[in-house]
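*Asks:* These protein sequence lines map, in sequence, to chains A and B.
Under numbering that gives the first Met the number 0, the first residue of the first sequence carries the number 0, and numbering increases by one thereafter.
Under numbering that gives the first Met the number 0, the first residue of the second sequence carries the number 0, and numbering increases by one thereafter.
Hints were generated in silico from the structure; no laboratory data involved.
Each residue gets a CB set at the ideal place from its N, CA and C atoms; glycine is no exception.
Careful, some of the hints might be misleading.
[Said to hold, decoys possible] Computed Cβ-Cβ distance ranges for the label pairs, DEER-style:
#, chain 1, residue 1, chain 2, residue 2, range
1, B, S156, A, D106, 17 to 23 Å
2, B, G72, A, E81, 35 to 41 Å
3, A, E21, B, G188, 33 to 39 Å
4, B, N64, A, V22, 56 to 62 Å
5, B, V78, A, E86, 38 to 44 Å
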Amino acid sequence: MGIFSIILVVFFLNEFTILNVEVYPVDAYIVENEVGFNLDTDKIHFGNVPLNSGGAYRQMSITNVYDEDVKVFLSDSGMINEFVYFEVDGENYENYNFVLKSNETKDYKIVFKNENLPLGYYDGEIKIVVRKLYKFN
Amino acid sequence: MRYSVIILLIVLIVILGFKFLDVESVTGNLVNDAVVTLTKVSIAGIQLSDDSIGFGSGYVDRACNNATVISNGTNSCWVNTTEYLADGHEIINNGTSFLNITASLSGFTDAEEFFCGTSCDYTNVASIGVYSNNFESNSCLGLTSDVENIGDYNSVSSVGICDYLDFVDNSDSISVYVQLHVPIDVAVGNKSFLINYEASAY
Chain A
0 MGIFSIILVV FFLNEFTILN VEVYPVDAYI VENEVGFNLD TDKIHFGNVP LNSGGAYRQM
60 SITNVYDEDV KVFLSDSGMI NEFVYFEVDG ENYENYNFVL KSNETKDYKI VFKNENLPLG
120 YYDGEIKIVV RKLYKFN
Chain B
0 MRYSVIILLI VLIVILGFKF LDVESVTGNL VNDAVVTLTK VSIAGIQLSD DSIGFGSGYV
60 DRACNNATVI SNGTNSCWVN TTEYLADGHE IINNGTSFLN ITASLSGFTD AEEFFCGTSC
120 DYTNVASIGV YSNNFESNSC LGLTSDVENI GDYNSVSSVG ICDYLDFVDN SDSISVYVQL
180 HVPIDVAVGN KSFLINYEAS AY
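Bound conformation, chain B alone (with noise of 0.2 Å):
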């Protein structure tokens, strides 16, 4: 019995001296949201495959060292197995900011990289590249100006693909469409990457 008291009053002493230290280094300090808050959580960013932009099955025309292929369902110097149609990603703002947004090239270092997997002979003409649309009119101030890439045969960029998307309904959704300069020693095979959509708010 006496033990246990002895502990009871260590516990309160315990207790106590917590309690004191709890509010002496707290004072002045202790404001919500202080610590974490949410106004620096100004960054979204969402992955798309390339899947959903389906180019079918083709090679590159003998005539030429490499085709263009665009998701827009043009192309050049590619000869076209199975048809491809036109197709985009859409990219809308459903929050109440303007967005900046920017398209980048996920798991590869390069086009060639992509296309090869190695160096080849043809590959230094690889790229993928991005161009960007008003889905619906008066969308974005600041669209890319023509195809940018993303990857070229020995590196990858970020690439501005709208400086101020807007928030307004009607007028705040963008294509983008994917353009591909496949090299005619391509490896062989089914081929997909992600591109990584960024959005920071203004």
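This is chain A alone, in the form it adopts within the complex (with noise of 0.2 Å):
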């Protein structure tokens, strides 16, 4: 009784904290040679990306609109996986989460490595969760 009701209580934290969830589909192309660019917004396109060239990039801000913080956990999954990281104040990351505070804005870029990957059309998912920062005191 004792462990599930542990259980009951880490669910119901991690539930109840959760403020916005965002799943944003993404994708690329990789092409012979040939730069193409998509900026509309149903997806977040990296667009037509030459073979073996040095990747590419979409930047991104997020803006904490709540009145009070939060923190934010981005992530990505999908085909798109293991060649996607993002990019804060230069360092790479895998997943990142930071906290934002109330009003505050993050730029960050999401980038695409196509280093060694052979032609062709990949895609996957960008997820952003926005959660409520309990401060215990």
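Join the two chains into one complex using the hints; note that each chain is given alone, in its own frame.
*Replies:* And the structure:
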């Protein structure tokens, strides 16, 4: 009963601290020799990325519009997973989480590295989870 | 058993507490896309190596103190030891909004560093420039007027290569050519650099 209660606590703490979840589809085409941009907002498109080029990125910014500080979790999944990372303040992260103060804006890049990737279509998802930041005094 | 009931009660109180907190703090605030919005994702970049534009091998004619080598196939004061063919970077707009495209040099602080590594006697003429053309007619409003340097002997710059790149099929692509000013005392060896093309949507 005790263990069950603890599991329940953990589960509900987890669920009730989520303020917002956004999932964005991402995709990229690796092509022979052409730079293609697509800035439509239906997906985060990396566009047409030439074979063995230096890669592609999308710049993003996130603003905390809540009246309280939040914690933001960035992650990616899908076919594109192992080729995507987050670049924040010049550092690279596979997944990234950070505290965002009320009304604060954070800029970051989502980077697609296509080193040694063959021609083709690659897709996946970027997930952004915003959680309450509880302060236990 | 008594302890289990007490723990369960604590659990329920905690759950209700968090539920209450959640509702109270989110009211009037939780709007979809309020925190993260795709409309802010309006900039994209792609890095392209000059490997895709092969200049081949060669050297500066000894009668000159620098050579000009352009990826459209022309050159001056340049002696090829292997042939290079006209080639450019093709940039296409695959979306449905007008784009502003810029180019910049990546990985070097200036063109002198690229050619020489450090300061050399004649590298004050070193530069890496780009110019743009319509690949398909009527694709771009605001191409480069001439060659514009993304790197000279002591600095790098971001250069606008197309102010408005159209998105209509058959009128949505430009070509970018690269021009190198190679000093005579260039360090020998294979050299490559990355050009960072960045697009922002209107």
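*Asks:* Each hint: holds or not?
*Replies:* Against the structure, the hints:
1. At about 22 Å, the beta-carbon gap between S156 of chain B and D106 of chain A stays in the expected band of 17 to 23 Å.
2. Distance hint check: the CB atoms of G72 of chain B and E81 of chain A are about 40 Å apart, consistent with the given range 35 to 41 Å.
3. The hinted range of 33 to 39 Å is not satisfied by E21 of chain A and G188 of chain B, whose Cβ atoms lie roughly 48 Å apart.
4. As the Cβ distance of N64 of chain B to V22 of chain A is approximately 58 Å, the hint placing it in 56 to 62 Å holds.
5. The hinted window of 38 to 44 Å between V78 of chain B and E86 of chain A holds, with their beta carbons roughly 42 Å apart.
Of the numbered hints listed earlier, the single one contradicted by the structure is hint 3.
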